[in-house]
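Student: Each chain is listed here by its residues.
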Amino acid sequence: MQVSMSVNGRQVSGDVEPRTLLVHFLREDLRLTGTHVGCETSYCGACTVEIDGKAVLSCTMLAVQAEGADVTTVEGLAQDGQLHPVQEGFWERHGLQCGFCTPGMIMSAVTLLQENDNPSEEEIRRGIEGNLCRCTGYHNIVRAVEYAGAKMRGEEPPPAEWEES
Amino acid sequence: MYPRQFEYVAPSGLDEALALLDDNPGAKVLAGGMSLLPLMKMRLLSPELVVDIGRIGGLGDITDNGDTISIGALVRHAEVASSSLIQAQGAALAAAASWTGDRQVRNRGTCCGSMAHADVAADQPVAALALGATMVAASSSGVREIAAADFFVDVMTSALAPNEILTEVRIPKAGAGAGSAYDKLGRRGGHSDYAVAGAAASVTRSNGSVSAASVAVTGVGVRPVLAGAVAEALVGSDGSDAAVEAAAAHAVAGVEVLEDLYGSVEYKIHLAKVFTARAVKAALAAAG
Ligand SMILES: Cc1cc2nc3c(=O)[nH]c(=O)nc-3n(C[C@H](O)[C@H](O)[C@H](O)COP(=O)(O)OP(=O)(O)OC[C@H]3O[C@@H](n4cnc5c(N)ncnc54)[C@H](O)[C@@H]3O)c2cc1C
Ligand code: FES
Ligand code: FES
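Chains A and B supply the protein sequences, listed in that same order.
First residue of the first sequence: 1, per my numbering; consecutive thereafter.
First residue of the second sequence: 1, per my numbering; consecutive thereafter.
Take every hint as true, because none was put in to throw you off.
Listed below are the simulated SDA-like cross-link pairs for lysine to any residue, each with C-alpha atoms no more than 25 Å apart in a straight line: (1) B/41 to A/1; (2) B/41 to A/28; (3) A/54 to B/58; (4) B/281 to B/229; (5) B/41 to A/16; (6) A/54 to B/10.
Here chain A is said to cover these stretches of chain B; the calculated rule only asks that three of the stretch's residues, wherever they fall, bring their Cβ under 8 Å from a Cβ of chain A: (7) 1-9; (8) 44-54; (9) 95-107.
Hints listed in this document are in silico derivations from the structure and should not be mistaken for laboratory results.
All C-beta atoms in this analysis are idealised placements derived from N, C-alpha and C, irrespective of residue type, glycine included.
Let the hints inform the model, and build the full structure from the sequences given.
Tutor: Shown next as structure tokens:
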């Protein structure tokens with residue numbers, strides 16, 4: 001079947017089987033391998049992308065369901081070589097270790113901050129509930145999202161914990 | 001993890017979708033895909049034809065009908081959870097939707113899909129039972145209304161015929177002195193994930209006593225069920241904590257409680273009573 005959609009602002013199309021999952025279309029047809037496949041069973045969130053402003057699991061959506069949609073993957077975040085504030089937050093606050101969960105975690109955080117520009121720690125933890133991380137224990141991920149939120153509100157991010165006296 | 005091959009159609013009109021279901025007895029309706037696609041990927045289900053209702057117009061609204069609220073087939077869990085109308089008039093359903101899965105799941109999964117899927121441990125079906133919802137099902141031969149109490153039949157089995165589409169869940173608005181609530185223990189602790197056990201309650205208070213009550217439990221048997229004995233014990237009582245605890249002792253009366261990976265029969269019975277009491281107390285508090 002023919003399918004076309006906008007991915008990271010670029011109009012793309014392809015010929016797919018109906019059973020092709022969106023994540024495979026992104027990774028294998030478009031070669032956008034930033035979006036990861038973790039569990040493949042809808043539980044880990046590694047495959048999270050933004051569709052029409054909402055975080056969704058690209059492993060639990062058919063490519064044909066995304067016909068005409070506006071898709072953003074982690075590759076679409078940085079602008080002119082400038083990291084997105086959420087990417088910068090993960091960098092600055094050590095929000096990753098192995099990095100496997102990171103693209104999904106970042107897309108989840110980006111959409112969370114679009115819905116709520118000043119989430120509490122509790123709201124951040126609940127907001128990334130669908131993204132599993134086997135390395136960090138989540139602590140620095142929460143700090144990374146707080147950093148990004150502050151940046152996006154035009155505020156000075158709280159100092160890193162290791163810089164506090 | 002690919003599903004088996006299938007044909008896919010995404011009609012833009014309801015009549016077209018219903019005709020496809022008539023002509024293809026092995027077809028499956030696809031809404032949010034949060035239950036159907038995992039089942040197809042695990043190859044527990046392999047329909048020959050998938051009818052995606054996601055492009056049908058007019059199914060995506062939450063409508064205030066005066067005495068009732070209609071939730072269309074494409075209304076997502078996140079929209080039910082954040083609707084101020086449903087929060088005020090059918091709080092149990094808004095809470096159940098807010099605790100369904102995670103953000104990604106709530107952005108795609110639909111309230112109607114949750115009803116049609118009829119999982120034994122699902123959240124929104126018990127809220128629909130306690131609120132006395134009506135399910136509106138369309139087929140090529142017309143529209144019929146099914147009371148929530150008659151809708152959940154067995155494990156993952158609803159009263160829908162294979163050629164029917166659930167176009168709407170309709171809930172009555174809470175009247176004066178009425179309130180509803182839902183509470184559960186999630187499989188991943190707190191409110192996360194499907195219910196190990198949970199309960200929804202809808203109550204009305206008048207002149208210092210409970211004048212009407214409806215309570216339903218999930219996660220304990222083969223389907224979400226009304227706990228009639230709890231409601232009976234509540235009506236006419238003063239709604240005190242002692243009265244609620246005594247009524248909640250009947251939470252699984254007449255239910256064949258089954259163990260699963262998440263709890264033994266004994267544990268489930270205990271949880272059903274605890275969450276029945278919590279849901280009833282919260283509903284009474286909301287009723288004022
Ligand atoms: C990670 C994860 C966590 C989850 N956690 C929870 C949870 O905590 N609590 C909970 O209750 N659920 C949970 N779910 C299930 C989720 O809520 C589903 O969204 C819901 O069960 C089905 O809705 P859907 O729109 O996605 O339906 P689909 O997956 O598209 O369809 C499910 C079934 O219903 C049928 N169907 C759907 N819509 C209609 C309709 N309008 N008319 C006729 N038939 C229809 C389909 O044919 C199919 O058989 C979870 C799912 C996932 C992936
Ligand atoms: S790969 Fe999609 S949720 Fe794990
Ligand atoms: S950084 Fe390794 S899984 Fe999250």
